[in-house]
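Participant: Chains as they are written, first to last, in numbering that gives the first Met the number 0: chain A, 0 to 179; chain B, 0 to 346; chain C, 0 to 407.
Derived from the structure by calculation, the hints contain no laboratory data. Don't take each hint at face value.
[To be verified] Residues from chain C that face chain B, not an exhaustive set, calculated with beta carbons under 10 Å:
{"hint": "1", "residue": "PRO31"}
{"hint": "2", "residue": "ILE211"}
{"hint": "3", "residue": "ASP390"}
Glycine residues also receive a C-beta, built at the ideal position from the N, C-alpha and C atoms.
One letter stands for each residue in the lines below.
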Amino acid sequence: MVTIPPPLENNSTVKRFVEKFGDALQEVVYFQGETTLVVEKGRILEFCQFARGDDALQFDSLADLTGVDRMPGEPRFEVNYHLLCLSRAERLRLKVRISEKDGKVTSVTSVWPTANWHEREVFDLFGIVFENHPNLRRILCPDEWNGHPLRKDYPMLGYEEAAPSPEPPTKRGWYSTLSD
Amino acid sequence: MSEFSSFLLGTTIKCIVVIAVLIGAVAYTTWLERKVVAHLQIRWGPSRVGWHGLLQPIADVLKLLLKEDMTPGQASKFLYVLAPLIAFVPAALSITVIPFGNVAHFGSQTVRFQITDLNVGILFIFAVTSVGVYGVALGGWASNNKYSLMGGLRSSAQMISYELSLGLSVVSVLLVTGTLSLGQIVDLQGGRWFGIIPKWNIFVFPLFISFFTYFVSAIAETNRLPFDLPEAENELVAGFHTEYSSMKFGMFFLTEYINMITVSAIATTLFFGGWHGPTFGPLWLRGILPLFWFVSKIVAFLLFYIWTRGTLPRFRYDQLMAFGWKFLVPLSLANVVLTSLVVAWRA
Amino acid sequence: METMRFNLESGQVESTAGKAETMILSMGPQHPSTHGVLRVVLELDGETVIKASPDIGYLHTGMEKLSETKTYAQVLPITDRTDYLAPMSNNLGYIMAVEKLCGLQNEIPLRAQYVRVIMVELNRIASHLVWLGTHAMDIGAMTVFLYCFREREQILNFFEAACGGRLTTSYFRVGGLPSEIPPDLVPRIQKFIKEFPGRVDEYETLLTKNPIWLRRTQGVGTISAQNAVAIGLSGPSLRATGVDYDIRKKEPYCGYEKFEFRVPTRTEGDVYARYLCRVEELRQSQKIVQQALDGLPGGPIRADCPKYVLPDRNKMKTEMETLIHHYKIITEGIHPPVGEVYHAIEAPKGELGYYLVSDGGPKPLRMHIRGPSFVNLQALATMCEGRLVADVVAVIGSLDIVLGEIDR
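Based on the provided sequences and hints, a complete structural model is requested.
Facilitator: In structure tokens:
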């Protein structure tokens with residue numbers, strides 16, 4: 000059974016999740032007034048469906064969805080879902096941890112359509128694949144971009160700048176010459 | 000000097016003078032527009048070139064002439080060059096039949112301030128200006144740009160639809176005056192009722208409705224706000240002239256302003272008594288004053304144009320067409336019927 | 000003959016046989032009314048939009064990546080450049096997230112909070128003015144634009160007086176304000192605020208009851224409340240559908256609970272409703288600024304928390320301990336405790352969230368900006384499809400997007 004930090008012991012939202020999911024709820028964190036539920040990766044979609052559909056929870060809005068790269072920590076990636084219940088003005092963070100080898104998580108676009116672009120962004124910048132996403136393409140970087148910029152092992156200047164190729168630059172020639 | 004050669008000489012001189020004055024008027028209409036709109040919008044407008052920016056139009060013309068003249072690679076070259084000409088020439092032609100002053104006497108010579116008084120003057124104007132649509136439509140098509148194409152299509156649809164109500168609104172005037180010659184229409188508007196109200200057509204019973212339909216259609220016909228859809232810069236970048244540059248663009252630009260002046264001149268002629276106005280003083284002043292009244296009436300219309308531009312948002316394409324076909328055309332048709340009844344009753 | 004066409008959604012080449020012949024129009028990234036570098040790929044049948052797919056990323060500058068290499072204090076100027084029409088709101092969102100991370104939420108002195116509210120609300124007015132001007136210009140009314148910019152200019156002057164910056168303010172600091180506001184600023188703002196309702200009337204005279212404006216905006220770009228929540232709309236765009244959610248009211252920060260103001264809502268969810276909501280917000284913001292100016296308390300402008308907040312400069316010169324704290328903060332930066340926070344504020348465009356992850360070091364492990372424009376833009380496709388090209392322009396204007404925030 001997951002340990003619940005003292006400030007959240009009487010929190011009905013957390014209770015509801017514990018009742019429903021039990022061990023699939025891996026960890027409950029309380030920090031600066033924010034509640035984070037760390038969720039078993041395979042069951043995130045269920046969690047989200049429950050959070051949105053349950054009458055007592057009604058998290059009808061997904062405020063934000065974003066990734067974190069904790070390299071060299073393991074598991075390396077996190078995906079955070081910032082839920083918002085409009086009627087109670089309550090916020091909740093769901094978190095899944097994803098190992099580098101795996102690098103996949105189920106898309107929640109079926110629960111909140113707004114997740115569409117957020118997931119594309121996380122895919123673009125972290126390389127985390129969202130399964131069952133309707134249109135998983137890069138969104139901010141150009142389609143032919145090499146690498147995922149927000150990964151910690153991606154150099155600040157991009158791969159081409161950090162290690163210039165020996166042959167003269169062709170494709171993004173103008174960019175490579177900027178640092179000279 | 001034979002009569003024919005003196006006619007030829009006189010007409011040539013008049014043509015040259017009118018064209019020169021017209022181009023100058025266009026240049027200073029742009030100045031007026033920029034200045035007035037600027038002051039409506041709490042700005043100064045052109046103020047660097049010359050006193051209050053009075054030389055700005057000249058600088059603009061020089062800029063247009065000296066600019067690189069580009070033709071898009073995929074454009075249909077012949078039509079691309081032809082289109083601005085097709086738009087420009089009819090616009091300039093239509094001014095020929097408009098009387099802009101009374102008869103003046105220079106020594107033994109009698110000069111009529113009108114290039115030619117065709118007996119079908121008003122029809123001539125409509126015939127000639129309808130050709131202008133081709134310029135816009137072809138220009139939009141020949142540029143091979145999607146925005147231009149849409150602009151061209153919009154404007155051909157718009158100009159054709161509004162030409163209908165424009166023509167219909169003029170019919171009422173013709174019914175009342177019984178002539179197609181613009182000179183005679185003006186002559187008929189001389190004098191006053193009860194010594195106060197001028198006998199302008201606008202004050203004849205159903206004709207103010209014609210004036211309303213005429214002027215609204217005219218704004219649409221000249222592609223000005225709130226009907227400036229062919230060049231709606233916020234949707235279509237610059238509409239049919241997106242790809243045009245240098246003097247080819249200048250031609251379209253000239254056309255737009257000449258058209259503005261022409262429709263204002265026609266409105267003045269048909270509804271506001273043309274060059275009629277109080278005349279006094281010595282003979283030379285009596286010759287010049289009608290010209291002055293004519294020009295001031297046109298300027299008043301131009302100011303109205305500019306004022307609308309500074310105030311109103313733009314219609315949407317479908318709303319514009321609906322407005323034309325469902326409101327203006329029925330209204331002008333009804334007005335024609337009404338006018339005929341009035342004329343018949345009076346007769 | 001069979002023709003082939005590139006499908007933008009799937010990235011596949013498909014046959015167009017059996018379908019109506021359509022035209023693909025790439026609107027932007029250089030287009031007068033896509034508000035920056037937005038590109039919308041429109042599939043048109045005549046002038047009717049069959050499909051609208053926004054294409055973003057032309058302004059992507061990697062702000063989130065850049066933030067990971069900077070100390071908490073150095074990140075602040077980056078936030079100005081996201082939504083460059085509302086730099087104060089972005090500063091506030093970020094600074095409040097850092098304060099939350101450090102556990103300083105309740106330490107901020109009252110005076111600093113009031114000045115924050117004044118600046119942020121003035122910024123809301125400025126941002127809404129740019130929106131109003133550009134939106135009206137998109138629909139063809141040029142004059143409103145210049146009237147709006149006249150007032151915005153004054154607000155920018157206030158910003159300049161307070162912090163030296165007009166567009167990139169980088170104003171607030173962790174724990175309060177960098178310096179005291181100039182003494183003549185309050186009367187200047189007061190004068191402006193007194194005149195302002197009259198100015199709003201002026202804009203409204205030109206638009207609110209104008210028949211052409213009504214025709215162009217009513218019933219255009221409609222979205223239901225349910226769809227709006229699902230697609231994540233926030234701010235005035237959400238409230239125009241009837242969902243009364245304003246973070247200032249529901250999750251008050253910075254002492255917003257002390258001020259009296261109304262959150263305007265409409266139920267139509269069209270362009271006109273969004274217009275009315277924002278115009279009413281102009282008036283409400285004016286009221287908030289008025290109240291904040293009237294009740295502006297004295298006292299310190301920075302929290303007394305030596306580990307995270309720079310000390311007073313005079314104290315620093317006289318007290319040894321304070322000097323050490325100052326030295327530590329300047330050379331090393333602050334070290335918030337390990338943890339993560341998400342702090343959302345009501346920016347002019349909607350919910351602006353800053354998500355910060357700290358690993359205990361002087362630089363954030365992750366800084367994520369939840370820009371309202373990014374999420375709101377997702378609604379564009381639903382709002383435009385089946386309508387005309389001219390409506391696309393009206394809808395983009397009514398969503399009030401800033402590309403700096405979308406692409407980050």
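Participant: Indicate, hint by hint, whether the structure satisfies it.
Facilitator: Each hint tested on the structure:
Below 10 Å, beta-carbon pairs count as interface contacts, and PRO31 (chain C) has one with chain B at about 5 Å; its hint therefore holds. Interface hint status for ILE211 (chain C): upheld, as the beta-carbon distance to the closest one in chain B is roughly 5 Å, under 10 Å. Hint on ASP390 (chain C) holds. Least Cβ distance to chain B is approximately 7 Å, under the 10 Å limit.
Of the hints listed earlier, there is not a single one the structure fails to meet.
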